[in-house]
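Novice: Chains as they are written, first to last, in the working numbering: chain C, 1 to 112; chain G, 1 to 115.
Mixed in with the good hints there might be a few duds.
[Claimed, not checked] Some chain C residues flagged as far from chain G (calculated, every beta-carbon gap over 10 Å):
1. I12
2. P52
3. D53
4. K58
5. G83
6. S104
[Unchecked claim] Derived DEER-like restraints, expressed as beta-carbon distance ranges:
7. G:K64 <-> C:A29: 24 to 32 Å
8. C:I12 <-> G:M45: 43 to 51 Å
9. G:F39 <-> C:D53: 16 to 24 Å
10. G:K55 <-> C:N27: 20 to 28 Å
11. G:Q42 <-> C:P112: 24 to 32 Å
12. G:E52 <-> C:D79: 36 to 44 Å
13. C:R61 <-> G:S15: 42 to 50 Å
14. C:K111 <-> G:K55: 44 to 52 Å
15. C:S65 <-> G:E22: 33 to 41 Å
16. C:R61 <-> G:K66: 40 to 48 Å
17. G:R111 <-> C:Q14: 28 to 36 Å
18. C:K58 <-> G:C13: 40 to 48 Å
19. C:A29 <-> G:N51: 15 to 23 Å
[Said to hold, decoys possible] The calculated BS3-like cross-link candidates involving lysine-lysine, where the alpha carbons are at most 27 Å apart (straight line), are:
20. C:K68 <-> C:K99
21. C:K42 <-> G:K20
22. C:K99 <-> G:K55
23. C:K15 <-> G:K41
24. C:K107 <-> G:K41
25. C:K42 <-> G:K14
26. G:K66 <-> G:K14
27. C:K99 <-> G:K66
28. C:K58 <-> C:K15
29. C:K5 <-> C:K57
30. C:K111 <-> G:K41
31. G:K41 <-> C:K99
32. C:K5 <-> C:K99
33. G:K14 <-> C:K99
34. C:K58 <-> C:K42
35. C:K68 <-> C:K111
36. C:K99 <-> G:K20
37. G:K14 <-> G:K64
38. C:K5 <-> C:K58
39. C:K42 <-> G:K41
40. G:K66 <-> C:K42
To be clear, the hints were calculated from the coordinates, so they are not data collected in a lab.
All values reported here derive from a predicted model rather than from experimental measurement.
We treat Cβ as the ideally placed atom computed from N, Cα and C, and that holds for glycine.
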Amino acid sequence: QQQVKQSPQSLIVQKGGISIINCAYENTAFDYFPWYQQFPGKGPALLIAIRPDVSEKKEGRFTISFNKSAKQFSLHIMDSQPGDSATYFCAASIGGFNKFYFGSGTKLNVKP
Amino acid sequence: GAVVSQHPSWVICKSGTSVKIECRSLDFQATTMFWYRQFPKQSLMLMATSNEGSKATYEQGVEKDKFLINHASLTLSTLTVTSAHPEDSSFYICSAIAGQGYGYTFGSGTRLTVV
Numbered sequence: 001q002q003q004v005k006q007s008p009q010s011l012i013v014q015k016g017g018i019s020i021i022n023c024a025y026e027n028t029a030f031d032y033f034p035w036y037q038q039f040p041g042k043g044p045a046l047l048i049a050i051r052p053d054v055s056e057k058k059e060g061r062f063t064i065s066f067n068k069s070a071k072q073f074s075l076h077i078m079d080s081q082p083g084d085s086a087t088y089f090c091a092a093s094i095g096g097f098n099k100f101y102f103g104s105g106t107k108l109n110v111k112p
Numbered sequence: 001g002a003v004v005s006q007h008p009s010w011v012i013c014k015s016g017t018s019v020k021i022e023c024r025s026l027d028f029q030a031t032t033m034f035w036y037r038q039f040p041k042q043s044l045m046l047m048a049t050s051n052e053g054s055k056a057t058y059e060q061g062v063e064k065d066k067f068l069i070n071h072a073s074l075t076l077s078t079l080t081v082t083s084a085h086p087e088d089s090s091f092y093i094c095s096a097i098a099g100q101g102y103g104y105t106f107g108s109g110t111r112l113t114v115v
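Kindly produce the complete structure, drawing on both the sequences and the hints.
Specialist: Next comes the structure, spelled out in structure tokens:
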């Protein structure tokens, strides 16, 4: 059973637009939800993370929205840039220092 | 910030030989490191959890004797792919926890090609 489901699989956005990637989870014990950005041939890099005690967290152009009752969280990239073109993974864990369950990934392509 | 260094970044080896991949935490001590495998255009698959001074915990379906993990110090974990075969060709990534609440820091990955 996939613990974290991510959609869409791929996304094309025009420069300056908003990119939205969604994730849903099953285990209500999860309390740490990070997003990672991965460029081809590189390891993933932490982008932003949220804990369930807040509904939204913003860092620059990146925002996580969290809906605890629906067991869903999403990544919003405002003013998307070609340099944002990468694969994005959501994840969930208990405590933030235990086993991470990753989503299947979303390949974002921002058109100039 | 927390940095995890992984070497080599790419390696080509002949079928039947063994390959060692190193994962180092440069500016923090990591009692726990994780090893992932990633196939093209797919998500990260956790292979094993490496704990300093003790045996690694392998995920179901991962061959312990094929993927040897050693975590001999607080800053170094190694993954040895023994008797490598072409089907072992993949992108291997390590990660470590810098501290409670900091999440994972990933290494830059190792592209293994077995010919």
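Novice: State for each hint whether it applies.
Specialist: Hint by hint, here is what the structure shows:
no. : hint                         : result
1   : I12                          : holds, 16 Å
2   : P52                          : holds, 14 Å
3   : D53                          : holds, 13 Å
4   : K58                          : holds, 18 Å
5   : G83                          : holds, 18 Å
6   : S104                         : violated, 5 Å
7   : G:K64 <-> C:A29: 24 to 32 Å  : holds, 28 Å
8   : C:I12 <-> G:M45: 43 to 51 Å  : violated, 27 Å
9   : G:F39 <-> C:D53: 16 to 24 Å  : violated, 36 Å
10  : G:K55 <-> C:N27: 20 to 28 Å  : holds, 26 Å
11  : G:Q42 <-> C:P112: 24 to 32 Å : holds, 28 Å
12  : G:E52 <-> C:D79: 36 to 44 Å  : holds, 43 Å
13  : C:R61 <-> G:S15: 42 to 50 Å  : holds, 46 Å
14  : C:K111 <-> G:K55: 44 to 52 Å : holds, 49 Å
15  : C:S65 <-> G:E22: 33 to 41 Å  : holds, 39 Å
16  : C:R61 <-> G:K66: 40 to 48 Å  : holds, 43 Å
17  : G:R111 <-> C:Q14: 28 to 36 Å : holds, 32 Å
18  : C:K58 <-> G:C13: 40 to 48 Å  : holds, 46 Å
19  : C:A29 <-> G:N51: 15 to 23 Å  : holds, 22 Å
20  : C:K68 <-> C:K99              : holds, 20 Å
21  : C:K42 <-> G:K20              : holds, 19 Å
22  : C:K99 <-> G:K55              : holds, 16 Å
23  : C:K15 <-> G:K41              : holds, 23 Å
24  : C:K107 <-> G:K41             : holds, 9 Å
25  : C:K42 <-> G:K14              : holds, 24 Å
26  : G:K66 <-> G:K14              : holds, 15 Å
27  : C:K99 <-> G:K66              : holds, 22 Å
28  : C:K58 <-> C:K15              : holds, 20 Å
29  : C:K5 <-> C:K57               : holds, 21 Å
30  : C:K111 <-> G:K41             : holds, 20 Å
31  : G:K41 <-> C:K99              : holds, 22 Å
32  : C:K5 <-> C:K99               : holds, 16 Å
33  : G:K14 <-> C:K99              : violated, 33 Å
34  : C:K58 <-> C:K42              : holds, 25 Å
35  : C:K68 <-> C:K111             : violated, 33 Å
36  : C:K99 <-> G:K20              : holds, 24 Å
37  : G:K14 <-> G:K64              : holds, 21 Å
38  : C:K5 <-> C:K58               : holds, 22 Å
39  : C:K42 <-> G:K41              : holds, 13 Å
40  : G:K66 <-> C:K42              : holds, 24 Å
Hints 6, 8, 9, 33, 35 from the earlier list are contradicted by this structure; the remaining hints agree with it.
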